[in-house]
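Trainee: Given these sequences and hints, build the entire structure.
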Amino acid sequence: MKGAQNVINHLNKQLTLELTSMDQYLAHSKMYEDWGINKLHEKLAHEYEEELEHAKRLTQRILFLEGKPDTASRQPINVGDNVKQMLENDLAAERTVAESLRKIIGICEKEQDYISREILEDLLDDTEMDHIYWLEQHLGLIDKMGIQNYVQSQMGSQDS
1 MKGAQNVINH LNKQLTLELT SMDQYLAHSK MYEDWGINKL HEKLAHEYEE ELEHAKRLTQ
61 RILFLEGKPD TASRQPINVG DNVKQMLEND LAAERTVAES LRKIIGICEK EQDYISREIL
121 EDLLDDTEMD HIYWLEQHLG LIDKMGIQNY VQSQMGSQDS
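Numbering-wise (our numbering), the sequence shown opens with residue 1 and increments by one.
Just so you know, these hints were derived from the structure itself, not from any lab. Any given hint could turn out to be false.
[To be verified] Between beta-carbon pairs, the in silico distance windows are: (1) 153 x 5: 47 to 57 Å; (2) 30 x 75: 25 to 35 Å; (3) 52 x 121: 18 to 28 Å; (4) 63 x 157: 34 to 44 Å; (5) 30 x 144: 19 to 29 Å; (6) 110 x 53: 18 to 28 Å; (7) 53 x 81: 21 to 31 Å; (8) 6 x 147: 41 to 51 Å; (9) 2 x 52: 42 to 52 Å.
[Unchecked claim] DSS-like cross-link-like pairs, simulated, lysine-lysine; straight-line CA separation at most 27 Å: (10) 13 x 103; (11) 2 x 103; (12) 144 x 39; (13) 56 x 68; (14) 43 x 13.
The beta-carbon is built from N, C-alpha and C at its ideal position, and this holds for glycine as well.
Mentor: The structure is reproduced here in structure tokens:
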């Protein structure tokens, strides 16, 4: 089904943001693993997988609309130097993703592409209710507990 080129172009822009977030989560996850901060490593590895799933959904939709998915483009990633900076950089990236999703949802509405809109609304819900919420919560914990106590609390595995 041939989709509106405007929608396809914006879906590709969103795909770039999702792939960029995926790359940043991978870098941060591996840094946490290297530092022995296992809970953060496991959480960010999970976030990487979720971003990959977002990218797959966007790619499938672009192909369905007879577009060509741009899986090569990326924005520069912001790798942090310490735990707090890494979480802040991830939060900034997720807020950029959410802002873009809101914009593209409006474009899909205008173009009467309700299926793309629904897919993007699902991605926005996951971005806001899972990713952003978790990052804000953990940055708040750092403020309340102090960075040393926070990092110590993240040393075990997710299951402990």
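Trainee: Hint by hint, note whether the structure agrees.
Mentor: Status of each hint after checking the structure:
no.: 1; hint: 153 x 5: 47 to 57 Å; in the structure: 49 Å, holds
no.: 2; hint: 30 x 75: 25 to 35 Å; in the structure: 19 Å, violated
no.: 3; hint: 52 x 121: 18 to 28 Å; in the structure: 19 Å, holds
no.: 4; hint: 63 x 157: 34 to 44 Å; in the structure: 38 Å, holds
no.: 5; hint: 30 x 144: 19 to 29 Å; in the structure: 27 Å, holds
no.: 6; hint: 110 x 53: 18 to 28 Å; in the structure: 27 Å, holds
no.: 7; hint: 53 x 81: 21 to 31 Å; in the structure: 29 Å, holds
no.: 8; hint: 6 x 147: 41 to 51 Å; in the structure: 45 Å, holds
no.: 9; hint: 2 x 52: 42 to 52 Å; in the structure: 27 Å, violated
no.: 10; hint: 13 x 103; in the structure: 11 Å, holds
no.: 11; hint: 2 x 103; in the structure: 22 Å, holds
no.: 12; hint: 144 x 39; in the structure: 19 Å, holds
no.: 13; hint: 56 x 68; in the structure: 13 Å, holds
no.: 14; hint: 43 x 13; in the structure: 26 Å, holds
In this structure, the hints that do not hold are numbers 2, 9, in rising order.
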